[in-house]
Amino acid sequence: MTLATFPASEPKPSWTRYFSFNTDAKVIGIQYIVLAFFFFLIGGLLAMIIRGELITPEADLVDRTVYNGIYTMHGTVMLFLFIFPVLNGLNNLLIPTMIGAPDMAFPRLNAVAFWLVPIFGVLLMSSFFVPGGPAYSGWWSYPPVSIQNPLGHLISGQGLWLTAVALSGVSSIMGAVNFVTTIIRMRAPGMGWFRMPVFCWTALAAQSLQLIGLPSLTGGAIMLLMDLVAGTTFYDPAGGGDPVLYQHFFWFYSHPAVYVIILPVFGVFSELFPVYARKPLFGYVYVALASFIIVGLGLIVWVHHMFPSGVAEWMRNLFMFTTMLIAVPTGVKVFAWLGTLWRGKLRLTTPMLFCLGGLFNFVFAGITGIMLATVPIDLHVSNTYFVVGHFHYVIYGAAVMGIFAAIYHWFPKFIGRMPYEGLGKLHFLLTFVGANLNFLPMHPLGLMGMPRRVSSYDPEFAFWNVLASLGAFLLGVSIIPFLLNMVSAWVRGPKATHNPWNAIGLEWLLPSPPAEDNFGEHVPVVISRPYGYGLGQPLVEHQAEIEQALTLAEQQETAR
Amino acid sequence: MTPSPAQGPRFSPLSVVALLGWVALLIALSLWMGQQAYHWLPVQASTAAPLVDGLFSFETAVGTFVFGGVISVMVWVMVMHRAEKYDASDAEPIEGNTRLEIIWTAIPFVLVMAIAVYAMRVNTTLGMLGPMEHIHLRSSVEEAGGYAGDRLPAEQVEVIARQWSWEFRYPGADVSTTELHLQVDEPVTFRLVSEDVLHGFFIPAFRLKQDIVPGRAIDLNVTPTREGRYRLRDSQFSGTWFAANQVDVVVESAEAHQAWLAAAARQPLQSGISDASREYAQRGQSSKAGWATVPPAPPPQVNVPGSNTLPHDG
Numbered sequence: 001m002t003l004a005t006f007p008a009s010e011p012k013p014s015w016t017r018y019f020s021f022n023t024d025a026k027v028i029g030i031q032y033i034v035l036a037f038f039f040f041l042i043g044g045l046l047a048m049i050i051r052g053e054l055i056t057p058e059a060d061l062v063d064r065t066v067y068n069g070i071y072t073m074h075g076t077v078m079l080f081l082f083i084f085p086v087l088n089g090l091n092n093l094l095i096p097t098m099i100g101a102p103d104m105a106f107p108r109l110n111a112v113a114f115w116l117v118p119i120f121g122v123l124l125m126s127s128f129f130v131p132g133g134p135a136y137s138g139w140w141s142y143p144p145v146s147i148q149n150p151l152g153h154l155i156s157g158q159g160l161w162l163t164a165v166a167l168s169g170v171s172s173i174m175g176a177v178n179f180v181t182t183i184i185r186m187r188a189p190g191m192g193w194f195r196m197p198v199f200c201w202t203a204l205a206a207q208s209l210q211l212i213g214l215p216s217l218t219g220g221a222i223m224l225l226m227d228l229v230a231g232t233t234f235y236d237p238a239g240g241g242d243p244v245l246y247q248h249f250f251w252f253y254s255h256p257a258v259y260v261i262i263l264p265v266f267g268v269f270s271e272l273f274p275v276y277a278r279k280p281l282f283g284y285v286y287v288a289l290a291s292f293i294i295v296g297l298g299l300i301v302w303v304h305h306m307f308p309s310g311v312a313e314w315m316r317n318l319f320m321f322t323t324m325l326i327a328v329p330t331g332v333k334v335f336a337w338l339g340t341l342w343r344g345k346l347r348l349t350t351p352m353l354f355c356l357g358g359l360f361n362f363v364f365a366g367i368t369g370i371m372l373a374t375v376p377i378d379l380h381v382s383n384t385y386f387v388v389g390h391f392h393y394v395i396y397g398a399a400v401m402g403i404f405a406a407i408y409h410w411f412p413k414f415i416g417r418m419p420y421e422g423l424g425k426l427h428f429l430l431t432f433v434g435a436n437l438n439f440l441p442m443h444p445l446g447l448m449g450m451p452r453r454v455s456s457y458d459p460e461f462a463f464w465n466v467l468a469s470l471g472a473f474l475l476g477v478s479i480i481p482f483l484l485n486m487v488s489a490w491v492r493g494p495k496a497t498h499n500p501w502n503a504i505g506l507e508w509l510l511p512s513p514p515a516e517d518n519f520g521e522h523v524p525v526v527i528s529r530p531y532g533y534g535l536g537q538p539l540v541e542h543q544a545e546i547e548q549a550l551t552l553a554e555q556q557e558t559a560r
Numbered sequence: 001m002t003p004s005p006a007q008g009p010r011f012s013p014l015s016v017v018a019l020l021g022w023v024a025l026l027i028a029l030s031l032w033m034g035q036q037a038y039h040w041l042p043v044q045a046s047t048a049a050p051l052v053d054g055l056f057s058f059e060t061a062v063g064t065f066v067f068g069g070v071i072s073v074m075v076w077v078m079v080m081h082r083a084e085k086y087d088a089s090d091a092e093p094i095e096g097n098t099r100l101e102i103i104w105t106a107i108p109f110v111l112v113m114a115i116a117v118y119a120m121r122v123n124t125t126l127g128m129l130g131p132m133e134h135i136h137l138r139s140s141v142e143e144a145g146g147y148a149g150d151r152l153p154a155e156q157v158e159v160i161a162r163q164w165s166w167e168f169r170y171p172g173a174d175v176s177t178t179e180l181h182l183q184v185d186e187p188v189t190f191r192l193v194s195e196d197v198l199h200g201f202f203i204p205a206f207r208l209k210q211d212i213v214p215g216r217a218i219d220l221n222v223t224p225t226r227e228g229r230y231r232l233r234d235s236q237f238s239g240t241w242f243a244a245n246q247v248d249v250v251v252e253s254a255e256a257h258q259a260w261l262a263a264a265a266r267q268p269l270q271s272g273i274s275d276a277s278r279e280y281a282q283r284g285q286s287s288k289a290g291w292a293t294v295p296p297a298p299p300p301q302v303n304v305p306g307s308n309t310l311p312h313d314g
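These protein sequence lines are chains Z and W, in that order. Per my numbering, the very first residue in the first sequence carries number 1; after that it's consecutive. Per my numbering, the very first residue in the second sequence carries number 1; after that it's consecutive.
Hints are supplied without guarantee of correctness; some may be wrong.
Claimed, not checked - Here are the simulated DSSO-like cross-link-like pairs (lysine-lysine), alpha carbons at most 30 Å apart as the crow flies:
hint: 1; chain 1: Z; residue 1: 495; chain 2: Z; residue 2: 345
hint: 2; chain 1: Z; residue 1: 345; chain 2: W; residue 2: 85
hint: 3; chain 1: Z; residue 1: 345; chain 2: Z; residue 2: 425
hint: 4; chain 1: Z; residue 1: 495; chain 2: Z; residue 2: 425
hint: 5; chain 1: Z; residue 1: 495; chain 2: W; residue 2: 85
hint: 6; chain 1: W; residue 1: 85; chain 2: Z; residue 2: 425
Said to hold, decoys possible - Cβ-Cβ distance ranges computed for the label pairs, FRET-style:
hint: 7; chain 1: Z; residue 1: 52; chain 2: W; residue 2: 284; range: 19 to 27 Å
hint: 8; chain 1: W; residue 1: 14; chain 2: Z; residue 2: 52; range: 36 to 44 Å
hint: 9; chain 1: Z; residue 1: 45; chain 2: W; residue 2: 259; range: 49 to 57 Å
hint: 10; chain 1: W; residue 1: 284; chain 2: Z; residue 2: 491; range: 51 to 59 Å
hint: 11; chain 1: Z; residue 1: 190; chain 2: W; residue 2: 32; range: 50 to 58 Å
hint: 12; chain 1: Z; residue 1: 129; chain 2: W; residue 2: 31; range: 51 to 59 Å
hint: 13; chain 1: Z; residue 1: 463; chain 2: W; residue 2: 54; range: 25 to 33 Å
hint: 14; chain 1: W; residue 1: 191; chain 2: Z; residue 2: 348; range: 57 to 65 Å
hint: 15; chain 1: Z; residue 1: 193; chain 2: W; residue 2: 92; range: 35 to 43 Å
hint: 16; chain 1: W; residue 1: 217; chain 2: Z; residue 2: 60; range: 33 to 41 Å
hint: 17; chain 1: Z; residue 1: 18; chain 2: W; residue 2: 217; range: 54 to 62 Å
hint: 18; chain 1: Z; residue 1: 108; chain 2: W; residue 2: 92; range: 16 to 24 Å
Treat the hints as calculated values from the structure; they're not laboratory data. Glycine included, every Cβ here is placed at the ideal spot set by N, Cα and C.
Let the sequences and hints guide you as you build the complete structure.
Below, the structure written as C-alpha cells:
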C-alpha cells in the first residue's frame, strides 16, 4: 500500500451522471434513494388525504371511490416505490464498500434493475389518469373484488397496477441475484463469513428471501392479470377457481417481504449501536446467524395473514406456532443490541437517536405481533386498525427510522459532506412523536372493532382518529427538516473526513466520497472481526498507513 | 431484558435490592395493564368473548413486562452510560457471553410456546367450525351447558353478503331481514354465503370474524350472552361502499325473540337496508368527482328492514 493509491485530485464527476444509465453502484445507490424519496413524498401526500378523510366519521372529504384508490396507492407506492428502492439504494452503497468490492457483480444488470423502477413508477402513477381511476382493492388486490373492472376496458387501473407489481418483481429479482452474487463472490481477501459486517449478513438473508418468495407473488399477479384481461378463472369460483388460492400466492411472498424490509434495518442497528456505544457488537456470530433463522421461519408463517380467510383449524394452529417461534431469533437480536449498549460510552448523535427510537418502536411492534399471532386474538383484531397500527410501527416506527439512521450515518461517506446535527435532531423528535401519535391510537381503534380500509366509521371511533390524524400531519411536517438538511448539506455542508464517526469498517478506509472503483487494485486484507471497538486490533493489514494517507490527502485538500 | 448482575463483579447489595425493587414495580405495572386491557375491548356479548379477552389480558401483562424491561435498560444506558463530553475513547470491550445468550434464547422460547399452547387451548374451546371440517369435541364449557360442539344449535340463520348489503334468513320461521336478531343464551349457527366478492362477518362484541368466500358455504357457531344492540361490520374489503356495509345485531330475550319472529313473518316483503343503494342514487347529483364503481346490488326484499341508525352498545 502506497500513498499513490489515493490521487490528490480527480476531475469532479458531473451531476448529470445521476440521470444516466450509470453502472457505478454508488451512483445507482443514490439514484435509488433520491427516487425513493420522491415517491415517499407522493405516498405521504396520499396518507395526508387518508388521514384528512378519517378526521371525521363521515365520508366527506373525497368520494368513496377516490378514497379506495388513494389508500390502495398509498400502500403500493410506499412498499414498491419507496421502501424496497430505498433499501436497494443502501445495499448498492454499502455492500461493495463494506466488503471491499470495486462494484456489484453485474453492474449493467444493476442499472437495468434500477431503471425499471421509474418505468413501473410512471406506469403506476399513470393509472390515476385512466378512465375509471387507479386500482382500488388494496395493496393485497384480493380477487374477486380486484377483477371486477367496473368500466370493462382492457386498460384499467387494476391492470396497470398488476403490470407495475410484476415489473417491480422482475426488478427486485435482478437486484437480488446481483446482491447475493456480490456478497458470496466478491469479499475482500481475509473476509471470511464471520468477518463480514452484519449489514451484509442481513442483506444476504433478505435478498435470499426475495429470490425464494418473489416468483410466487409475480406468478400470482400474472394469473390475476389474466383473470382480469384474458378471461381465465384461476381465482374465480364460477369457473372452478378459488379466491383463497391467490391469498396463498400473495402472502407466501408478502409476509417474507416484511423481513426483506426489516432484516437490513436490523443490519443498520447492528452496525450503528457499536459505533455510537463504542463497544463491539454483543454476540456477533449469533446475531449474524439469527438472520438466517429468521429467513427459514419467515417462509413458513404466511397463513397467519389468513386466519379468518377460510383455512382449516389445524393450519391456524400450525402457523400460530411457527409465527411465535420467529420471536426467538428476533428477541436474540434485541437482547444483543441491549448487550452492546450496556456499559458503553453512548453518543446521542442523530443516527444513534434514530436507532434508539427505532428499537423502541420495534419492541412495541413485536409485542403486538405476538398478539396478532395468537389465533383467538387475531380473529377479533385482524383486518382492523390494530393491524394497521402494528405494521406501521414496524414499517415506519422501526424500518423507516432505521433507514433515516443509515442515511445520516453514511451521508458523509457517499456525499462527502456532513449533515447538520440540529436539523437532524429536530427531524428525529418530530418523527418519533409524530409516529407514536399517529400509530398508537390505531391500536385501541382496532380493539374496539374499527375495520381497516373504511372511508367512514361509527362516531364512537372519532376521538382516537382525530389523534391519529394530528400525528399524521406532524409526520408530514417532520419531513421538512430532513429535506432541508439533505439539500443544504449536499450543497454546502462542511467537508467530511474519511471517518467522521471514528467507526470501524472497510467503507471508512475509503476517501469520502470513494473513488468510482472503491479500493481499485489495492483491496486491504481483512485480519480481524468487525466491531473491534476498544480491542485495539486493526481491521486490516497496514491500517495505520492507509489512514495516514487518507488524512494527508484530506489535509492537502483543505490547504487548497 | 433486565440489567443482569451476571455481567460484572461491581454490583453492591444496594443495587441488587434496587434492581429487585424495580422488577417488582414492573410486575405490578404489568398486572395493572393486564386488568386495563379489558377496558380497551367492546362489551362481552358472547361465550367466546371472555376467553379471547382473558388471553388478550394475559398477553398484555406479559407484553408490558417485556416492553418495560427493554425500555428500562434503554433509558438506563442513555442516562448512566453516556460518554463524557470530549471523551473520544472506547468502552470496555465485551464481545459476548454464551451463558447469557443461551438464557435469552431459552426464556423467550419457553414464553412464546407457553402462549401458543394456551392460545391453542382457547382456540379449541372456542369450538368454531372450520370451513373444511367440523370440529366435534366436548369441552368443559359445553358440559356446563355452554355452546355448540356436536349438538345442533337451536337456531339456524342464513347470512347472505352482497355488494353492499346484508340479508338474514330464518328458514325455520320463514322470515328475512336486514337487521340480525338473536336470542340470548341460545346457540346459533350462521351459514355464510356471498353472491359476489369476499366479505367479512365481524361482530366485535362477539369477538368473532370469518371471511365469506364466494363459492363456499361456511358454518359458524356463536352463543350470544348479553342483551343489547351491537354492530355487524364487513371486515374484508369489498369495494366502493365497503365502509357503509354495516348493520345492527339485536340480542333479545327468548320471549322478545319469538314475538319478533312471529310479527316479522306477518310483514310483507319490502326493501331492506342498503346505505350503498341510497348513496348510489344520490351520487349523480353530487358535485364531488368520483371514479368508476360497480353498482350496488338492489336492496334485499325482506320482511323487516330494521334500523341501523339507533345507538348501539360500545
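The hints, checked one at a time:
A threshold of 30 Å between alpha carbons decides the hint, and for residue 495(Z) with residue 345(Z) the separation of about 26 Å falls inside it, so the pair holds. Straight-line distance between C-alpha atoms of residue 345(Z) and residue 85(W) comes to about 10 Å, which keeps the hinted pair within the 30 Å bound. The straight-line distance between the Cα atoms of residue 345(Z) and residue 425(Z) is roughly 19 Å, inside the 30 Å bound, and the hint therefore holds. A distance of roughly 20 Å separates the Cα atoms of residue 495(Z) and residue 425(Z); the hinted pair therefore holds under the 30 Å criterion.
The straight-line distance between the Cα atoms of residue 495(Z) and residue 85(W) is roughly 23 Å, inside the 30 Å bound, and the hint therefore holds. Restraint check: the Cα-Cα separation between residue 85(W) and residue 425(Z) comes to about 18 Å, which is no more than 30 Å; the hinted pair holds. Take residue 52(Z) and residue 284(W): their Cβ atoms lie about 25 Å apart, and the range 19 to 27 Å holds. A hinted range of 36 to 44 Å for the beta carbons of residue 14(W) and residue 52(Z) is inconsistent with their spacing of about 55 Å.
A hinted range of 49 to 57 Å holds for the C-beta pair residue 45(Z) and residue 259(W), which are about 55 Å apart. Taken as a hint, the range 51 to 59 Å holds for the pair residue 284(W) and residue 491(Z), whose Cβ atoms sit roughly 53 Å apart. Distance hint check for residue 190(Z) and residue 32(W): the Cβ-Cβ separation is about 55 Å, which falls inside the suggested range of 50 to 58 Å. Distance hint for residue 129(Z) and residue 31(W): a CB-CB separation of about 57 Å, consistent with the stated range 51 to 59 Å.
The beta-carbon spacing between residue 463(Z) and residue 54(W), approximately 27 Å, falls within the hinted interval of 25 to 33 Å. Restraint check, residue 191(W) to residue 348(Z): a C-beta distance of roughly 60 Å satisfies the suggested window 57 to 65 Å. Between residue 193(Z) and residue 92(W) the CB atoms are about 27 Å apart, so this pair departs from the stated range of 35 to 43 Å. Checked against the given bound of 33 to 41 Å, the beta carbons of residue 217(W) and residue 60(Z), roughly 38 Å apart, stay inside it.
Evaluation of the 54 to 62 Å hint for residue 18(Z) and residue 217(W) yields a pass: the beta carbon distance comes to about 58 Å. Against the hinted window of 16 to 24 Å, the Cβ-Cβ separation of residue 108(Z) and residue 92(W) comes to about 48 Å, which falls outside the hint.
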